[in-house]
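Residue strings, one per chain:
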Amino acid sequence: QQPVQSPQAVILREGEDAVINCSSSKALYSVHWYRQKHGEAPVFLMILLKGGEQKGHEKISASFNEKKQQSSLYLTASQLSYSGTYFCGTTVGNEKLTFGTGTRLTIIP
Amino acid sequence: DAGVTQSPTHLIKTRGQQVTLRCSPKSGHDTVSWYQQALGQGPQFIFQYYEEEERQRGNFPDRFSGHQFPNYSSELNVNALLLGDSALYLCASSLDGSYEQYFGPGTRLTVT
Numbered sequence: 006q007q008p009v010q011s012p013q014a015v016i017l018r019e020g021e022d023a024v025i026n027c028s029s030s031k032a033l034y035s036v037h038w039y040r041q042k043h044g045e046a047p048v049f050l051m052i053l054l055k056g057g058e059q060k061g062h063e064k065i066s067a068s069f070n071e072k073k074q075q076s077s078l079y080l081t082a083s084q085l086s087y088s089g090t091y092f093c094g095t096t097v098g099n100e101k102l103t104f105g106t107g108t109r110l111t112i113i114p
Numbered sequence: 002d003a004g005v006t007q008s009p010t011h012l013i014k015t016r017g018q019q020v021t022l023r024c025s026p027k028s029g030h031d032t033v034s035w036y037q038q039a040l041g042q043g044p045q046f047i048f049q050y051y052e053e054e055e056r057q058r059g060n061f062p063d064r065f066s067g068h069q070f071p072n073y074s075s076e077l078n079v080n081a082l083l084l085g086d087s088a089l090y091l092c093a094s095s096l097d098g099s100y101e102q103y104f105g106p107g108t109r110l111t112v113t
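In the order they appear, the protein sequences are chains A and B. Position one of the first sequence corresponds to residue 6 (our numbering), numbered consecutively onward. Position one of the second sequence corresponds to residue 2 (our numbering), numbered consecutively onward.
Because the hints were derived from the structure by calculation, they are not lab data. All C-beta atoms in this analysis are idealised placements derived from N, C-alpha and C, irrespective of residue type, glycine included. Please note that a few of the clues may not be correct.
What the hints assert, rightly or not - Stretch-level coverage of chain A by chain B, calculated; a stretch enters the list once three of its residues show a Cβ under 8 Å from a Cβ in chain B:
{"hint": "1", "region": "41-52"}
{"hint": "2", "region": "103-112"}
As the list claims (entries may be wrong) - In silico DSS-like links for lysine-lysine, alpha-carbon gap of 30 Å or less:
{"hint": "3", "chain 1": "A", "residue 1": "Lys55", "chain 2": "A", "residue 2": "Lys31"}
{"hint": "4", "chain 1": "A", "residue 1": "Lys42", "chain 2": "A", "residue 2": "Lys64"}
{"hint": "5", "chain 1": "A", "residue 1": "Lys31", "chain 2": "A", "residue 2": "Lys73"}
{"hint": "6", "chain 1": "B", "residue 1": "Lys27", "chain 2": "A", "residue 2": "Lys64"}
{"hint": "7", "chain 1": "B", "residue 1": "Lys14", "chain 2": "B", "residue 2": "Lys27"}
{"hint": "8", "chain 1": "A", "residue 1": "Lys42", "chain 2": "A", "residue 2": "Lys31"}
{"hint": "9", "chain 1": "B", "residue 1": "Lys14", "chain 2": "A", "residue 2": "Lys42"}
{"hint": "10", "chain 1": "A", "residue 1": "Lys31", "chain 2": "A", "residue 2": "Lys72"}
{"hint": "11", "chain 1": "A", "residue 1": "Lys42", "chain 2": "B", "residue 2": "Lys27"}
{"hint": "12", "chain 1": "A", "residue 1": "Lys55", "chain 2": "A", "residue 2": "Lys73"}
{"hint": "13", "chain 1": "B", "residue 1": "Lys27", "chain 2": "A", "residue 2": "Lys55"}
{"hint": "14", "chain 1": "A", "residue 1": "Lys42", "chain 2": "A", "residue 2": "Lys55"}
The following block holds chain A by itself, in its conformation from the complex:
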């Protein structure tokens, strides 16, 4: 079952904050976040394992609510370089990584 991401697209001004959500109908073991710029390969951002762990580096962080099977990616004080499509990928146990449909983030000056 493909995870559902929201919003599908968002436009922000440089310096604004954004939250991208990822929901699944299955009990998740892990959530992975990737960013893909147009014409490029997805780049790994972070992974969260079940347990409600929160991770982050610099101004990008994420949380994982195991009970709700949801993860959120937080982008603080967005920069132009944050533009791209963000994908969450989820695993159930040791099963394959299943990606969501993506959230297109556009940062304008």
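Model the placement of chain B on the given structure of chain A, informed by the hints.
Then chain B, alone, in the frame of chain A:
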């Protein structure tokens, strides 16, 4: 340290033909996964190779097959190409037991 490399970059084939895509994993990685990414969609898992064996497989027909070599590089073969096979094919490598996958730049396949 070389990252994941894929070849060719672009490929144009005709319906019914066969194609082989190649992937070299990041140095030190032993596991290779292949994904198909249609325009505007997230990557879809095709299969994963570890120790030269297919370890996991997604919902793709048998026309999609693969191979992993002793040096951990991998090939993706697609037979009897259909128009719907047109997509970006991504290879991702990882170290067995690690959850981090590193993607290559992809091969853009166009079937006419």
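Quiz item: Is it true that the CA of Lys27 of chain B sits at most 30 Å from the CA of Lys55 of chain A?
Solution: holds, 27 Å
Practice problem: Take a quick look at whether Lys42 of chain A and Lys55 of chain A sit within 30 Å of each other, Cα to Cα. | Solution: Given pair Lys42 of chain A, Lys55 of chain A holds - Cα atoms ~28 Å apart, limit 30 Å.
Quiz item: Given the hint that Lys42 of chain A pairs with Lys27 of chain B, does the C-alpha gap stay at or below 30 Å?
Solution: holds, 20 Å
Quiz prompt | 30 Å Cα cutoff - pair Lys42 of chain A, Lys64 of chain A | solution = holds, 18 Å
Quiz item: Lys14 of chain B and Lys27 of chain B: Cα distance at most 30 Å?
Solution: holds, 28 Å
Quiz item: Are 3 or more residues of the region 103-112 of chain A near chain B, judged by a Cβ distance of less than 8 Å?
Solution: holds (count 5)
Quiz item: Regarding the pair Lys55 of chain A and Lys73 of chain A, is the alpha-carbon distance no greater than 30 Å?
Solution: Given pair Lys55 of chain A, Lys73 of chain A holds - Cα atoms ~11 Å apart, limit 30 Å.
Practice problem: Measure nothing beyond the straight line between the CA atoms of Lys31 of chain A and Lys72 of chain A; if it is 30 Å or shorter, mark the hint as holding. | Solution: With a Cα-Cα distance of about 10 Å, the restraint between Lys31 of chain A and Lys72 of chain A holds, given a limit of 30 Å.
Self-check item: Given pair status - Lys64 of chain A, Lys27 of chain B, alpha carbons within 30 Å
Solution: Holds - the C-alpha atoms of Lys64 of chain A and Lys27 of chain B are around 27 Å apart, at most 30 Å.
Self-check item: Given hint Lys31 of chain A paired with Lys55 of chain A - CA-CA distance at most 30 Å
Solution: Cα-Cα ~12 Å, so holds.
Exercise. Measure nothing beyond the straight line between the CA atoms of Lys31 of chain A and Lys73 of chain A; if it is 30 Å or shorter, mark the hint as holding.
Key: Measuring from Cα to Cα gives roughly 10 Å; hence the hint holds.
Quiz item: Going straight from one Cα to the other, do Lys42 of chain A and Lys31 of chain A come out at no more than 30 Å?
Solution: holds, 28 Å
The structure fails none of the hints (numbered hints given earlier).
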